[in-house]
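Construct the entire structure; sequences and hints are all you get.
Protein chains in written order, with my numbering: chain C, 1 to 404; chain V, 1001 to 1163; chain X, 2001 to 2459.
None of these hints come from the bench; they were simulated from the model.
Remember, predicted model here, so these are calculated numbers, not experimental data.
C-beta: ideal position from N, C-alpha, C; glycine also.
It is possible that part of the hints are untrue.
As the list claims (entries may be wrong) - Just so you have them, the derived chain C footprint on chain V, three or more residues with Cβ under 8 Å:
1. 1118-1126
2. 1137-1150
To be verified - Just a few of them, taken from the derived set where beta-carbon distance is under 7 Å, the chain X residues facing chain C:
3. Arg2133
4. Leu2175
5. Ile2178
6. Pro2182
7. Leu2243
8. Ala2351
9. Ile2353
10. Ile2368
11. Thr2372
12. Glu2377
Unchecked claim - Away from chain X, derived, C-beta distances all over 12 Å, residues of chain V:
13. Thr1003
14. Thr1023
15. Gln1094
16. Leu1115
17. Thr1130
Chain by chain, the residues:
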Amino acid sequence: MARESTRSKLAGRLTHPISRPLAIAYRWVDERMGITDLAYKGLYEAVPRRGAWAYTLGSATLIIIALQIVTGMFLLWSYVPSTTEAWESLNYLAHHDEFGAIVRGMHLWGAYVLLLVIGLHMVRTFVSGSYKKPRELNWITGVMLFLLVLALGITGAMLPWDQAAYWTTVVTTHVLSYVPGLGHWLQEIWRGGNQVGPVTLTRTFAIHIWLLPALLVPLIVVHLYLLRRHGEHGSWVNYRNDPGESERERAERVLRAEPPYPAVPSDPGYAVPDDLDEFFPSQVGKDAIISFLLVLVIFVMAVVVGSPLEAPANPASLTYVPTPEWFFLPLDQLLVQFPQAWMIPVGVFVIPGLASTLLILVPFLDRSPDREPWKRPQLMVPALFTLLFLIFEALLAVNRLFNL
Amino acid sequence: MGTRISRRRFMVLATNLAGAGITLLIAAPIVGEVLQPIFTRRSHPWVRVGDISQVPVGLPTAYVVQMPTTQAWKVPPVARIVYVVKLNVGNQLQVLSLSNVCTHMQCDVHWDIDLQQFLCPCHGGFYSITGTNVGGPPPKPLFRYQHKLAGETLYVRDRLTEA
Amino acid sequence: MPLTLALAPHLVPVGISTGVATALVGLLMLAHIQFAAFQQGGALVMTLFDFLGMVRKDERQTRFARGMVKTMAVVFSIGAALAIFAMMILFTGLWSHFWVKLLRIMFWPLVIEAGAFALEIMALYTLYVGWDRLGRVRPLRIGLGLVLAVDLFVQMLAINFVASYMLTPRPAFNLPLILLNPTLIPLEVHRLIGNVAFTGALIAIVAGWRVLRARTPQQRSYADWMGAIGAVIAIAFTALQPLVGWEYAKEIQLHAYASWYDMMLGGLSVAFLFQMFLLGLILTAGIFFFWRRVRSSGIRSPTLALCAVLSMGAWLLGATPSSLAWSYEQVFAANANVPIWNGGLLIPFGAMIPWKLTALVAFTFVSITAVTVFLREVSRGHLRWGEARRSQALALITMGVAVSLIMALMGYIREDARGPFLITNHMLINQQQNFVPPATTGPAQGGAATGANLILGGE
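Structural data, given as structure tokens:
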């Protein structure tokens, strides 16, 4: 069978390194660890052929998260999480450690690009209806990952302890105090007291480097496991099923697809793409090209633009205008639009909370078998308006802050 | 009851109980550590603001005050702003010590000469000269520090949490 | 001229009273804005439908795009004549000082405006005359439509530099800051959305009228479909307006407080209340159309019925006056700053925060829900075009007329809110001369910079 020949070819390729001793060593390890099997499982999977460039965004996200973890690790070689020294350590980095400054720049621009790429990945998944049965949990873990990355973004913005970081910390921790009933306590827990101070920084630091990544990494594993379990869905262009297709041809196509696409072949929710391709090298190659370009962008931005460091935190400032990170501009704008009393929690919690909940529930809001976006106005229309709304909010926030 | 439980059932029970025990033993001190700030008692010492004889009537004047922080370990005092406001109410001279912390999201408000109002740049909150709300999102008036005058020297106490 | 001014400060330079001159310019500009708004919205809608017609191979959508281009060409001819008349006669004649000053400050935006106008003429007439010939290379025609839409966007941006500057000018002369003044982006976004909604409303009016007059089933079917398109565009885009408008008002509050006060609590507050009434009317009429139109095809939609009820509730809440007086000053003067049930003039349920804001948020959510449910019914294919009834056609016309009215009223409020100024704090309306503000009445020590009154003290 074709599959067996691919497997032996792979084994040959892997066990034919440049020298004999290495080959012996490889075989020794392979016998005990089953590397070839693992590599085979990882590399040879059937994926949809059409629109493959659009499906590179997921792996790009993975690569950039890895970049974030690595650059973050090495930022710890210089950074001190203390109100008196955090700013000093980063200032040192900026002026006396050129490569350290690039590492910090890549961590910052990595975060920005990551948010954009995750956003695009979500839009792609949403438009192509890839969240439908049996892939509901792929979508849900994906949304949770997105929210975690947002949380990582906001906690990361608090760490430099310059003016921007300090006021981000003040506003973000104070937002918690609007939780009905528990608000005051929650705020004190995060701040480590009633005011923003040294404990606030150590706690935020711990959340940023351990707590959130400790949730992020297992969720990524689950997300990838689910992807492999159900196979990549692709989009409607992959499912122009010919109604005249015979059962035998269909079964053959199903057989070529390694992941269990068709639990019930007659169930449209379990359909297999018309045209399949091998994950390696067709898809991996495209993934690698896109990821390389994105990392290149991050690197260039880190070198050319770098990462800003404002004046050290100063709680007694009459002229400083705090501005949030760009990805929080729409939320900041909601704070302006929902003034006073009980409307503040509505703007701060109810609307973002409702939006997040609806985002998580997307697979259950649209359970029709239709995949084409124009056949699903019940989701496409509200989503389009939400997107428009977010863009307008960000624009208006930029305008408001620019003109203060 | 003298019901005998099988060995197998006992081991299942033991696994559950031991697992719960491990979780509890690890979690209890962690929860305590996380919640500790709630139970910390804080002192609120009087802090000297300065000589306020120069403050003109009707013009809020900002004083930078070094507030001692009581958070965790010893750290240098934090600079805070106290707006000293002198007003003529009837024939009486009234002195107010306003916090410049906006009650909406705790940004720093400043006195805007043109508007004759306190203005918060974060989300556009407006307060009158006595700190009452005039417009924008802030839900409460500006906090008034507890203060005392010794001659012309003003002292305040930072009890922001009890606004 | 200075002599005239010295003798009669209430006269504009050529000797007509300021009131008459203001009314002339106002009427002309309001008409001009309606023409221009339709151009911009029309270009976007036309291009979208030409594109959809190509992708979905739908002859009806192409026919619709063709109709839009014809209408736009006719409307443009009238609108351009009005604009040129306004510029030549009114500005240079009645408002010469203002016009000269504006030309000095806004030279580049007005050059861009003129360039965009020239490009608009070329693109629009090429589309109008060569529609069928261009149709042989369909992407080219769509591309030209896109060029027209972008060009009109630039044109509006250029004129919004001027309009927003007049309301919230920056104190110092710095062109980038003057152009990107606080109300530019809110105005731009507000107008862009509004223009598309307005175009939808006009389509709805025409469609409603055609439904009433249709003789053949074909005519009726096309008119019915067109009405649905118009209603969806009008309601969906109007639904976005409350929060953008809120933000616009917020910027005015921060940067032109007197105008804001006039609009919200002063003499213009009644006009603004009528604005809320019109908004409620638009959305309720539109949602009523969706609900009944779906029913005409035999589909019961409890969600749409609920939307209609909620919209009426929000309408009632939004249009409740906040007091029984014409302005808040009257309430204050009458010393009646307490609720009516305590013998005052205030109606607490008419307060902006939280009640009117609640109504606005409700409008947004209810309208988008209604549009979504309606489109879902359309995409299921249960709606047969041509089954629209008389009441639905009337709802479409009501909605469209209300949108047109709200556009005019909005323009009137924006222009009138500047109060005695042509350019806020810079030029008075009746003298058209640089305005020298009286000496600041505040405390003598007040510095201009906000941090100037900082005194370092304490230990």
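Grab the minimum C-beta distance from proline 2182 (chain X) to chain C and call the hint holds if it beats 7 Å, violated otherwise.
-> OK, holds: proline 2182 (chain X) within 7 Å of chain C, min 4 Å.
Can the hint on threonine 2372 (chain X) be confirmed by a CB-to-CB distance to chain C that is less than 7 Å?
-> Result: holds, 4 Å to nearest chain C Cβ.
Just checking, threonine 1003 (chain V) versus chain X, shortest CB gap more than 12 Å?
-> holds, 56 Å
Would you assess whether glutamine 1094 (chain V), listed as outside the interface, keeps its beta-carbon beyond 12 Å of every beta-carbon in chain X?
-> holds, 16 Å
Decide, holds or violated, for the assertion that all CB atoms of chain X are farther than 12 Å from the CB of leucine 1115 (chain V).
-> Label violated. Min Cβ-Cβ 6 Å, cutoff 12 Å.
Hinted contact glutamate 2377 (chain X) with chain C - closest CB pair below 7 Å | This interface hint is violated because 9 Å lies over the 7 Å limit.
Using Cβ atoms only, decide whether isoleucine 2368 (chain X) comes closer than 7 Å to chain C, and label the hint accordingly.
-> holds, 5 Å
Double-check arginine 2133 (chain X) for me: the hint is only fine if its C-beta lies closer than 7 Å to a C-beta in chain C.
-> violated, 30 Å
Can the hint on isoleucine 2178 (chain X) be confirmed by a CB-to-CB distance to chain C that is less than 7 Å?
-> violated, 11 Å
So, alanine 2351 (chain X) near chain C? Judge it on the closest CB pair being under 7 Å.
-> The hint is violated - alanine 2351 (chain X) has no Cβ within 7 Å of chain C, the shortest such distance being about 10 Å.
8 Å C-beta criterion, at least three residues: is the stretch 1137-1150 of chain V covered by chain C = Per the Cβ count (3), the hint holds.
Chain X versus threonine 1130 (chain V) - minimum CB to CB distance exceeding 12 Å, so not interface | Threonine 1130 (chain V) is indeed farther than 12 Å from all Cβ atoms of chain X, at 16 Å.
Hints 3, 4, 5, 8, 12, 16, counting from the list given before, are not met by this structure.
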